[in-house]
Amino acid sequence: MNRLAIFGLVVVGILVIVALFAPLIATHDIGATNLGDRFMSPSAEHFFGTDATGRDVFSRVVYGARISLRVGLIVVAVSAFIGTVVGALAGYYGGWIDSIVSGYVFNVFLAFPGLLLAIAMVAFLGAGLNKLILALCIIGWVGYARVIRGQVLKVREYDFVQAARALGASDMRILFRHVLPNAIQPLIVQASLGMAGAVLSEAALSFLGLGVPPPAPSWGVMLEEARDLATLSSAPHTLIFPGIAVALSVLAFNFIGDGLRERLDPRQRSR
Amino acid sequence: MSDAPQEIVDASAAPPMFALNDVRVSDQPLISIRDLKIHFDLGGGMFIERFAGGSNVRREVKAVDGISVDIHRGETLGLVGESGCGKSALGRAILRLIEPTSGQVLFNNRALSDFTKSEMRGVRKHLQMIFQDSSASLNPRMTVGQIIAEPVEAFRLKRGAAVNERVGELMETVGLSQRFMKRYPHEFSGGQRQRIGIARALAAEPQFIVADEPISALDVSIQAQIMNLMERLKAERNLTYLFISHDLRAVRHISDRVAVMYLGKLVEIAPAETIYDEPLMPYTKALISAVPVPDPEAEAARRPVVLKGDVPSPINPPSGCHFHTRCPYRIEKCKEIVPPLVEIKPGHFAACIRISPEQPVIEEVTQGDAPGLLRATESVTAL
Numbered sequence: 042m043n044r045l046a047i048f049g050l051v052v053v054g055i056l057v058i059v060a061l062f063a064p065l066i067a068t069h070d071i072g073a074t075n076l077g078d079r080f081m082s083p084s085a086e087h088f089f090g091t092d093a094t095g096r097d098v099f100s101r102v103v104y105g106a107r108i109s110l111r112v113g114l115i116v117v118a119v120s121a122f123i124g125t126v127v128g129a130l131a132g133y134y135g136g137w138i139d140s141i142v143s144g145y146v147f148n149v150f151l152a153f154p155g156l157l158l159a160i161a162m163v164a165f166l167g168a169g170l171n172k173l174i175l176a177l178c179i180i181g182w183v184g185y186a187r188v189i190r191g192q193v194l195k196v197r198e199y200d201f202v203q204a205a206r207a208l209g210a211s212d213m214r215i216l217f218r219h220v221l222p223n224a225i226q227p228l229i230v231q232a233s234l235g236m237a238g239a240v241l242s243e244a245a246l247s248f249l250g251l252g253v254p255p256p257a258p259s260w261g262v263m264l265e266e267a268r269d270l271a272t273l274s275s276a277p278h279t280l281i282f283p284g285i286a287v288a289l290s291v292l293a294f295n296f297i298g299d300g301l302r303e304r305l306d307p308r309q310r311s312r
Numbered sequence: 436m437s438d439a440p441q442e443i444v445d446a447s448a449a450p451p452m453f454a455l456n457d458v459r460v461s462d463q464p465l466i467s468i469r470d471l472k473i474h475f476d477l478g479g480g481m482f483i484e485r486f487a488g489g490s491n492v493r494r495e496v497k498a499v500d501g502i503s504v505d506i507h508r509g510e511t512l513g514l515v516g517e518s519g520c521g522k523s524a525l526g527r528a529i530l531r532l533i534e535p536t537s538g539q540v541l542f543n544n545r546a547l548s549d550f551t552k553s554e555m556r557g558v559r560k561h562l563q564m565i566f567q568d569s570s571a572s573l574n575p576r577m578t579v580g581q582i583i584a585e586p587v588e589a590f591r592l593k594r595g596a597a598v599n600e601r602v603g604e605l606m607e608t609v610g611l612s613q614r615f616m617k618r619y620p621h622e623f624s625g626g627q628r629q630r631i632g633i634a635r636a637l638a639a640e641p642q643f644i645v646a647d648e649p650i651s652a653l654d655v656s657i658q659a660q661i662m663n664l665m666e667r668l669k670a671e672r673n674l675t676y677l678f679i680s681h682d683l684r685a686v687r688h689i690s691d692r693v694a695v696m697y698l699g700k701l702v703e704i705a706p707a708e709t710i711y712d713e714p715l716m717p718y719t720k721a722l723i724s725a726v727p728v729p730d731p732e733a734e735a736a737r738r739p740v741v742l743k744g745d746v747p748s749p750i751n752p753p754s755g756c757h758f759h760t761r762c763p764y765r766i767e768k769c770k771e772i773v774p775p776l777v778e779i780k781p782g783h784f785a786a787c788i789r790i791s792p793e794q795p796v797i798e799e800v801t802q803g804d805a806p807g808l809l810r811a812t813e814s815v816t817a818l
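First to last, the protein sequences are chains A and B. Residue numbering for the first sequence follows my numbering, starting at 42 and increasing by one per position. Residue numbering for the second sequence follows my numbering, starting at 436 and increasing by one per position.
Among the clues, some could well be false.
[What the hints assert, rightly or not] Partial chain A-side listing against chain B, Cβ under 10 Å, derived:
#1 A204
#2 G209
#3 N223
Keep in mind the hints are simulated off the structure, nothing from the lab. Virtual Cβ for every residue (Gly too), placed ideally from N, Cα, C.
With these hints in hand, go ahead and build the complete structure from the sequences.
See below:
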């Protein structure tokens, strides 16, 4: 494992602990406004200062980790599952199924700019955490499907798959016991990169007002609330801390993904 | 008729009108291969490809090009030939792992192509395979126990604890301790892995096993062990083998009959001893003389037949007799006529127009003469 990947693992570890124990770590009620304490700079009382309505930024960033991780995990799990099933069937059966799925469906989905499609979908479905997750899954599964299809195409020609066929194993048995377990490795890389993508997309959509609605302590929402010039000049901490949270977690997942890719692909190891 | 331009006549593609195995006609063959062809399409030939700068000639590899042979119950048929001649394709087509382009494989007199996919799975119980590369043919993520149990479970031969018992039994049969049941394939040596492959093939109690180069990847000392194991199992379980190899010594040791393949066609079939002691085909002679003799003095004294050139590409095989480009005995007619497989001596078949039952020794045939030609053209006109 290289150093960046270890850094990524540490950051993600902290992120997970923070999300799990948010109520213990947060110092203030995340909804409690206090107009007397607006735009206070970081201090011993408010580690990251306070925002336009006097809410504690540190506590909100801590709870924001919950939203980001939740979106990331659900999006990755659902899209990886759908992608695996679709990609495996297309790769294993080939023929007309594959030419329709990988020839048309994949390309149509990949031709759309992902975030734009998500925006269109949220605009159509309405804002909200669950709708945001749904939109991200719809654009996310194709990447996994493509990776798995390629792997299955490769693995199904291995001798042990031919052997299983000669032994009279059923298609489903061959697919689930022989092909998939040997095809799934690159999915791990794709999933950690997918986590980064999902966290970033959630922040971006929330920033645009298309994700989690405002009172919720999403990092994107906090960035959006701090984006006017007056706030930026008088209280930059309201923007900086959630911004660092987004950047660090996205970076961490990407480092893990790159580290895993390097480890799983020996051809890239000698760099 | 005599003025008609000489055409290239593919006589061997015709259904065999000569009895292939009248040596032992009394018993039904277990496996019958009838004019089997496996052609792999390499693309090309599409109208649009001419615009893309490609060839508009459709290219195919004729991996197996009209082979007919019977394999009898309890027999080991050795199949030899240079790499790329279609040996493995033939073996896999018998198990219907490759769908043949045309022709048939009959198992107990029923064509495999008649079976539906689900019926075929039932038939596979009787037809099993041992692979060349034992590390590639065992799933690296399954334990040995799971690997050997797979056919037992797939065919529902045993249930619950009886599965493990059966796996242990099979492991002992092939000379592995059942203590290793929970280990993974990479923890074993090549020879041990091949034993695992054999145990797996035996698990379904098959009647017929295709052994595709089962010993080629092993050390010589281990090769002998595996061959002895295969022979013992054959005797104990009344198995029938198709033993594919390019190792002539191994094939001679284990086979009852040997078939020689060249560029998708069978060129000679004979009982194992006969084919080594009195080969008829120039190609077989060259193959046999390529095997070194263990005695250094004898090796130095002998004059091996060395073939010129490489095996021609199977994409565009030579016309007529595929071997004519390398054959020291070729005549003009060899470029035109595809020689049929003819019984030259009892039980000994060869595909060469320059020999006949009356004049079986090619060296003794008058130069330029083709005594087999009459027979070849006869069987063509009889069509």
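For each hint, the structure was consulted:
1. A204: 5 Å, holds
2. G209: Holds, because the Cβ-Cβ distance from G209 (chain A) to chain B comes to roughly 4 Å (cut-off 10 Å).
3. N223: Hint holds; N223 (chain A) Cβ to chain B Cβ min 6 Å, cut 10 Å.
Checked against the numbered hints above, the structure violates none of them.
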